[in-house]
Amino acid sequence: MTQSAQTARLKDRGLIDRSQSLTFTFDGVPYNGYAGDTLASALLANGVRLVGRSFKYHRPRGILTSGSEEPNALVELRSGARREPNTKATITELYDGLEAKSQNRFPSLSLDLLAINGLVSPFLSAGFYYKTFMWPASFWEKIYEPMIRRAAGLGRAAQEHDPDSYDKAFAFCDVLVVGSGPAGLMAALTAARTGARVILVDESFAFGGRLLSDVRTVGGANGADWVNSVVAELKSFPGVQLMPRTTVFGAYDSGQFGAVERVADHVPVPAAGVPRQRLWRIVAKHTIIAQGALERPIVFGNNDRPGVMLASAVRTYINRFGVKPGETAVVFSNNDDGASTIADLVGAGIRVAALVDTRTVLQPATKSFARKHGIRIFEGAVVADAIGSSRVTGARIVAADGTSQNIACDLIAVSGGFNPSVQVSTHLGGRAQWQQELAAFVPGALPKGMAVSGSAKGTFGLASCLKEGAQAGEAAAVASGFQAKGAAVPAADDEPSDISAFWHVKTAKHKAFVDQQNDVTAADVALAEREGFRSVEHLKRYTTLGMATDQGKTSNVNGLAMLAQLTGKTIAATGATSARPPYTPVSLGALAGEHRGKHFKATRLTPSHDWAKERGAVFIETGMWLRAQYYPKPGENDWLTTVCREVNTVRNSVGVCDVSTLGKIEIHGTDAGKFLDRVYINMMSTLGVGKARYGMMLREDGIAMDDGTAARFADDRYFITTTTANAIKVLQHLELCRQWYWPDLDVQIFPVSDQWAQYSVAGPRARDLLAKIVDAPFDISNAAFPYMAVAELTVMGGVKARLYRLSFSGEMAYEIAVPARQGDRLMRTLMAKGEEFGIAPYGTEALGVMRIEKGHVAGPELNGTTTAADLGLGKMASTKKDFVGRVLSQRPGLTDPTRPRVVGFRPVDRSQRLRGGAHFIGKSDAAVAQNDQGYMTSVAYSPSLGHWIGLGLLANAESRMGEILRAYDPVRNGDVLVEVVPATFVDVEGARLRV
Amino acid sequence: MSELANHTKTARASDLIERNDVTVTNIAARRGARASLDELARATFGVSLPSTPKAVEAGGTLIVWAGPDQWLIIQKEETGRDHYSELAKTFNGLASVIDVTESRTIFRISQARPSPVLSRSMGIDFHDAAFKPGDVAITHVSHLGVIVWRLPDGTAYDFACARTYSRDFGDWLRKAKA
Chain F
920 MTQSAQTARL
930 KDRGLIDRSQ
940 SLTFTFDGVP
950 YNGYAGDTLA
960 SALLANGVRL
970 VGRSFKYHRP
980 RGILTSGSEE
990 PNALVELRSG
1000 ARREPNTKAT
1010 ITELYDGLEA
1020 KSQNRFPSLS
1030 LDLLAINGLV
1040 SPFLSAGFYY
1050 KTFMWPASFW
1060 EKIYEPMIRR
1070 AAGLGRAAQE
1080 HDPDSYDKAF
1090 AFCDVLVVGS
1100 GPAGLMAALT
1110 AARTGARVIL
1120 VDESFAFGGR
1130 LLSDVRTVGG
1140 ANGADWVNSV
1150 VAELKSFPGV
1160 QLMPRTTVFG
1170 AYDSGQFGAV
1180 ERVADHVPVP
1190 AAGVPRQRLW
1200 RIVAKHTIIA
1210 QGALERPIVF
1220 GNNDRPGVML
1230 ASAVRTYINR
1240 FGVKPGETAV
1250 VFSNNDDGAS
1260 TIADLVGAGI
1270 RVAALVDTRT
1280 VLQPATKSFA
1290 RKHGIRIFEG
1300 AVVADAIGSS
1310 RVTGARIVAA
1320 DGTSQNIACD
1330 LIAVSGGFNP
1340 SVQVSTHLGG
1350 RAQWQQELAA
1360 FVPGALPKGM
1370 AVSGSAKGTF
1380 GLASCLKEGA
1390 QAGEAAAVAS
1400 GFQAKGAAVP
1410 AADDEPSDIS
1420 AFWHVKTAKH
1430 KAFVDQQNDV
1440 TAADVALAER
1450 EGFRSVEHLK
1460 RYTTLGMATD
1470 QGKTSNVNGL
1480 AMLAQLTGKT
1490 IAATGATSAR
1500 PPYTPVSLGA
1510 LAGEHRGKHF
1520 KATRLTPSHD
1530 WAKERGAVFI
1540 ETGMWLRAQY
1550 YPKPGENDWL
1560 TTVCREVNTV
1570 RNSVGVCDVS
1580 TLGKIEIHGT
1590 DAGKFLDRVY
1600 INMMSTLGVG
1610 KARYGMMLRE
1620 DGIAMDDGTA
1630 ARFADDRYFI
1640 TTTTANAIKV
1650 LQHLELCRQW
1660 YWPDLDVQIF
1670 PVSDQWAQYS
1680 VAGPRARDLL
1690 AKIVDAPFDI
1700 SNAAFPYMAV
1710 AELTVMGGVK
1720 ARLYRLSFSG
1730 EMAYEIAVPA
1740 RQGDRLMRTL
1750 MAKGEEFGIA
1760 PYGTEALGVM
1770 RIEKGHVAGP
1780 ELNGTTTAAD
1790 LGLGKMASTK
1800 KDFVGRVLSQ
1810 RPGLTDPTRP
1820 RVVGFRPVDR
1830 SQRLRGGAHF
1840 IGKSDAAVAQ
1850 NDQGYMTSVA
1860 YSPSLGHWIG
1870 LGLLANAESR
1880 MGEILRAYDP
1890 VRNGDVLVEV
1900 VPATFVDVEG
1910 ARLRV
Chain X
1331 MSELANHTKT
1341 ARASDLIERN
1351 DVTVTNIAAR
1361 RGARASLDEL
1371 ARATFGVSLP
1381 STPKAVEAGG
1391 TLIVWAGPDQ
1401 WLIIQKEETG
1411 RDHYSELAKT
1421 FNGLASVIDV
1431 TESRTIFRIS
1441 QARPSPVLSR
1451 SMGIDFHDAA
1461 FKPGDVAITH
1471 VSHLGVIVWR
1481 LPDGTAYDFA
1491 CARTYSRDFG
1501 DWLRKAKA
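Line by line, the protein sequences are chains F and X. If you're matching positions, the first sequence starts at 920 in my numbering and goes up one per residue. If you're matching positions, the second sequence starts at 1331 in my numbering and goes up one per residue.
Chain X extracted, bound-state conformation (with noise of 0.2 Å):
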């Protein structure tokens, strides 16, 4: 059994580590509101929603592309704060909000440049002139679907995968990270 034996434990294991300290939240434009949705976005985090697929922090949020009009809201979890609702609320009428912080296990690797073999263990070219500091790639690793984005300082690779497959996946990224 791996450390994610129940699978909502931290694996701390040097700079490979599972990020539990986050709460996520998916939100997708409503049809016909992308503009306006937009606006309220810089308004509310000072940057545009991304339409390619880059990740983009702002004060301490990190928005991740994740599909057309579809993004996951990437925030520290605080104390008496519910992050979901209040973009529930903001985002209201605008964009359809989930919170989705269980349904994905979110691994950081915190290296500036992966391993060599990691870089041979996906489908990503992960040379640097190929996936830049905010670069996102949704794809899948031995049969295991993945978002997978260089944070926007390049200190860190981080890779989203379905809960119940981070066991899996942790495994992967073990033996890939070694």
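Bound conformation, chain F alone (with noise of 0.2 Å):
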């Protein structure tokens, strides 16, 4: 069956293209509506009322809503790795092949066996979290909340990656308008006819807003083609960007907004190269929110039953969607909108039994009406409870009098007044302030350059909207420096739009609920106020009230008012709980964007990366880097063979490592070396120019920051390296200090990492290589360029470069720089001009080895918690001048000489490996957590040695030489007796790096 017969489709309204006949299923079975449909509105006119579970009880569900407020009518859209949970049907706009299915249902959405929760609804109550769940505590993760999970809960999210893109965009205004009923359609006009660059935002996926549901004429034409006309001009004007299928979700600051556009939501897959949906930063000059105001039910038993429907639901089916909500109605209100209601039920053929209205006084007019049509009244009366159970069969009325009486109806359309939507007007801290003449919270204070319009504001008459709309937009545009045009207002009239306040049915039988996707019910907000959780804010999270997908939109006004009821007290001194962003749910992959997968950060490659590859190094990513961790030849199987050769290729020849990811800063200015002498603790202003130093700094708290050299080369130039990790923080921890503790300074400081290509070169036959590339007149001899000497030079004919006689490796090493675009052919020419050495590229895998051979700490030792003094350092620290972390660092915590220090470890049996993080434990102590003594930092198998060695971190460690201690792993099962020894292995008089 692929041909439906839409029995509920009227023939002659609604404004879907009945030419465009549409395909799609329901919980698999065939369907068509039209074009301009929704998924509800396509549902309903095939007749289908029931469309999911709730939450807690498994309870039928309908549609209740036409809008982004639904509770109900939540379904899983598409399928496969295109899979979406909890999709509104009343806004998913229909199109062809659409796919959605009924969620929370165990076996079918008829027949659900967990209903049964509905029995025991007793256990399920407010707060039953907290109570039935309590002991023991252990079950809580293992037993309860995955019991839990599976019963509540709603849809299943897709178990594939996303196969569509999401993109981020920005746009920029005078003038933005939220929404594009009457009062925004007329606010964006008339803004735009200044000339003002204007933003028109709606959610749906046409513009009109409530012009579009409800049968209204506007300067002399029907609504609908009124709004036609406006957005044509609209179109006309260049500086006027359209933007429907678009939610402004939240306000920011400096009239920042954010904005999703679901750019093809509305496809069953995107176009190739086209976003699933897009995020929009919009910035405004000034902002117009003209959201309208969404109905609220009346809390009546059974009130969830699928048939049961806002009243402006019901007039959005009849006249946007041309279709029949239902067969027999009965319309129940506080207020005006329930004479709207049975005019236009009616007028699309549909029988009203009944309006039942809580007021006890009509207006005449409305009374003649329903004569008229044989519609009864019931004045100071309720519809106590819904009857039927999967859809309505009937409401009993309870009249004023106090009798009771059933009569049949499949649909009940209820109006308990209107809430503005005041959420995104609040989202910068303004409270909504209670009005009791509209039963309604209307904004309160605006943030600056934000304007309110229309029923956004409590102004519930067309006409008024219209007015008010169009002075907002010219104010906006006026204040954003354009001529006022003066705006023709069209006429309409004031619809009328009394009411009075009525929230809860106490006469009803059945549940009754606030909260429908919650499942929160009348005697939940009733218990949680005799359980003491009497403000807004408590009741909230004690009954979840508000707190589903939809933010309460249809729940948080009639709770906090049955609150006010039960504690006496007013609305307006009961108040409301804040609206955050967003205002409707804001899919993951939109806040993303592209930045997913490789594309989440950078990827940055050194300038020799390319040769790298070539060679078939083996990278390994540190942060954003890519770094050449071993080069691997042919033949060589493991890592470890490979590390071992580049070792003892520069313990006994030359090699070369690429080191451009190290931080590089230039410090200059006629103060550089004080400023250096306040951020490292050791002293840089002595250091003699075309000299380097080691050097240490310090956070504010007195614990290690980061290491690196500093070389100087003139009085006023200074060039500073800092760990690869760590050269974004100390280049921001620089300019911190150079702006705001000592403006009074003259240094420059220029970050620099990018420029240089940087290799180290080390190895006995480090100078013999270097040699051969310097320029005449480059003296490199141990004499004239002895260790720690820097200079400013020239390689390979001309080529500008700096050289650095710095070692990390404990061999006799170079480091060289070349401007970037170099690189490659420095390491190039370095290889090749090696190869009579035997010259091996090292990587980071090496680099590593020989640091730990050589005692030098490096990330796993610089870890955030470590003193200068517990690195083995603390001798640096100058007594003779102040810096930064100095005071703190004489924290009696961090001075304690018992405090682990860096110190050297060997496997008793040599031929063990040793593991990083093992715990020293005394040898003869049990594993327990009371007897760790530290934990080993960095390890490497040393091939100078021919054993595994380790540094670590070890209480008393300086008096603790030869002891034997147990290096417990229990993660890798690791239990081996070490040995303490000094941290330097190899080469411990340093008298490689001087010859």
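Any given hint could turn out to be false.
As the list claims (entries may be wrong) - Sample of chain X residues lacking proximity to chain F, with all beta carbon distances greater than 12 Å (derived):
id	residue
1	GLY1390
2	PRO1398
3	GLU1416
4	ILE1439
5	GLN1441
6	ALA1442
7	PRO1463
8	TRP1502
Claimed, not checked - Listed next, with one range per pair, are the computed distances between beta-carbon atoms:
id	chain 1	residue 1	chain 2	residue 2	range
9	X	VAL1447	F	GLY1400	43 to 53 Å
10	X	ASP1501	F	THR1486	55 to 65 Å
11	F	GLY1400	X	PRO1446	20 to 30 Å
To be verified - Stretches of chain X that chain F covers, calculated by requiring three or more beta carbons in the stretch to come under 8 Å of a beta carbon on chain F:
id	region
12	1360-1371
13	1470-1482
These are calculated hints, taken from the structure and not from any lab test. Everything numeric in this text was worked out from a predicted model, so none of it was measured. Virtual Cβ for every residue (Gly too), placed ideally from N, Cα, C.
The two chains are supplied separately, each in an independent frame; assemble them into the complex guided by the hints.
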């Protein structure tokens, strides 16, 4: 069956395109609808009323609303990797091939076995989490929570990667208009006519708001035609951007708004290159919030049954979608919306059995209309209960005199009044204000540059909305510097909007729902109040009222009004909870945009990356960098073989390592030396020109931040390096010091990490190799260029370069830097010229092995918990000057002599492997936390020594040389006896550095 | 891999190019030397150093505001000339001068107006009234820091980003320009 009857489709009305028939499935059953339908309207057209099951009690649910406030009609849309749970059928634009499934039911929508939850509901009342599942505590994670999650919850997320793309975008305007009902359209039009840049946003795929849903006349034309003419005029202005299918979900500082555009949610698969959704940041000089008002239900028994629908939604389905939401209706209201609704129902040929109004006296016009059409009127009455289970079959009406009678119907249209959509206007902290005469919260103090217009402000008449929108549009344009053009406001009538607040039918016999999405009942609200949860904030958290994905758009005000009744306070004194962004849910995909997978962060490559790749290097990600980890040669089958060869080559001949990733910063100015004295623990102002010095910086709290070298090229010109990991952090720290702590110093700071390609050339033949590339007359002899010398020179025939005689490996070594674009050439040249020495490139692994052999600290030791003294560098700290972190480094806790310090370790059985992270405990102590004495920070297999070695942090380290400890590693079942030894394993005197 | 694979080659794709024929020198005024530096700059270039986010052109040299009391001096490469050394010598004592030619990659889009896609892809209002010829903005794009300027003659937009981020930025720019 592919052709369905659309039995509930009206012949003569609706803004759908009947020439475009669309096919879709719901729970596998094929149906037809039309372009311009939502999934909800198409389901209703096909007579489908039961759409889902509720969160907690698995009660049958239908369609309550026609908008993004829908609490019930939540479906899984699409399938496979594109499956999207909790999609509101009421705003899902119908497309050909749409697949939807009901959710939260087992085994099927019509027979849901978990509906038994409704029978055990006394145990599932407000706060049941806190009461029922308290003991034993250990059951929570393993038993209770998984059990609850299986029974409750909504929908299933896709398991596969999202195949679609998401985009981020920016827009700028003079006037942002949010919402395109009568107020929004007039605001946009009036502003646009002045020449202002205007953005008009609406969450629907069609502009017009309620003008599409109600039968109204504007400027002599019917509402929908007037909308079309305004949209056409708006399109004619080059400075106007129309954004349908877009929700402004949040207001942020300085006139910024977050919005999500559903670019391709209305097609099965986005076209090539088209994102599914686009996240917008809109920057507006002035903003007019014209999001309208949302109708709220009245809380009565079984008010969640399929067939109970908001009166305004009933009119939307009739007028906009040409759908009969039922055959026989009872209208239940406390305001004049009931009158408009019976008129439209009658107009559509739907029988109206009764108009039930809580007010005691209705308008004469309403009464005479009702009489004319045989509609029974109940004044001062209520619908106490809906009758029926999987769909409404009647209404139990309790009349003013207390008598009760059942009236058969399959639709109960309910209106408890309107809540202006104040959410976005309060995102920046304004509090909505209660207005008793409107029985509504209206916007409070507004952020600068924002105005609220129309029913979003509590202005409910059409004529007033048009006028107010025009005024707001003109005011915003004028404030943006444009000339008012004098807006002609089209003629229209203000509809009656009398209301008498009414919230909850106390004569209900059945469960009466306040928050339908979270299954919070009137009894839950009363229970919370009895148990002392009497502030709205407590009510919300205890019952979860308003905490579902609809954020309580149809429930919050009812809930707090009921609380006010229970506590005997006014609604104004009871107050409302804060609405926070997002206004409606935003997919994580849209928030992530393109930043997923490899695009999550940039990938930084060194200048000779391509050379390393050609060479077959294995790369490792270090932060954003890709660094060569080791360079396997053909025949080398494991990394350790390669790394040992690389280390041996450096120790015996010469190796070259790409160290371009080091942070590099130029520090210039007449006070550069003084500045560095204040940021390093050791003295830098005394450093001679042409010399380098190792240095350490502390954080303000006295903990070691980073280490590196400082080189001095002139009195007022230093160049410092940082570790790769801390390059940006150190730069930020230095800029903070320069700009905020000591603006009086003459210091200029330039980050130059990317300017230079830098290579470490290390080993006994390093000088022989470099001698081949330095240009005459540079003298690279040990006498002219000793350990810790630095120079600017040229290499390879005129290439500007810098040479630093520094060593991390412990060998005689240099670091040579050339402008980045020369890096590839320099690497190739070094390799070619070094061939005669048997040169080998070495990667970060060999670098690590050699620094551990030398006992040099690195990231694992500079880990944010260690002081200079812990690292064995305490003596470097100058006592003759002040520096960042000095004072707090003297805290008793940081100077405690028993603090763990860096020391060396070797396995007692030299054939055993050491593991980083292993904890030290006494040789005969039990492996329990109380006996922990420190842990292994770095380990390496030392080819120089032929066994594993390690560095670690150990309490009282200095006095324990030779002691045997357990290195206990429960994660990898390691338990090795180790000996405490000095941290330097190779060339203890440092003789090789200076040759 | 993009054509910037080793990020040193020229990316040439219609009106998007990577500018590899220029030297870029960063100068920053020494403390208290701004007035004398400005005087010297006027004598050297014939224009003042902008105090606001502006780019000015003088005899083929583009001076781009790059932060308070800091500028990028962008000059066409000339065989046999060392722009950096000349500037370092000229401004010695009044400004700190460093060669940042290889620190940044400069992309140029030769368009009088950026495409709508590019316009919406950055947190810069590219509307003619908002981002005029000679305007400069320091911002970030897709998590990448970038300096953007519109040439004083209004013929093109330049985007300078850190060199090692330029592969990612270039990918982004090509996509945004499309």
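Consistency of the hints with the structure:
no.: 1; hint: GLY1390; verdict: 22 Å, holds
no.: 2; hint: PRO1398; verdict: 9 Å, violated
no.: 3; hint: GLU1416; verdict: 14 Å, holds
no.: 4; hint: ILE1439; verdict: 17 Å, holds
no.: 5; hint: GLN1441; verdict: 18 Å, holds
no.: 6; hint: ALA1442; verdict: 16 Å, holds
no.: 7; hint: PRO1463; verdict: 18 Å, holds
no.: 8; hint: TRP1502; verdict: 8 Å, violated
no.: 9; hint: VAL1447(X) <-> GLY1400(F): 43 to 53 Å; verdict: 28 Å, violated
no.: 10; hint: ASP1501(X) <-> THR1486(F): 55 to 65 Å; verdict: 60 Å, holds
no.: 11; hint: GLY1400(F) <-> PRO1446(X): 20 to 30 Å; verdict: 24 Å, holds
no.: 12; hint: 1360-1371; verdict: holds (count 3)
no.: 13; hint: 1470-1482; verdict: holds (count 3)
Checked against the numbered hints listed earlier, the structure breaks hints 2, 8 and 9; every other hint is satisfied.
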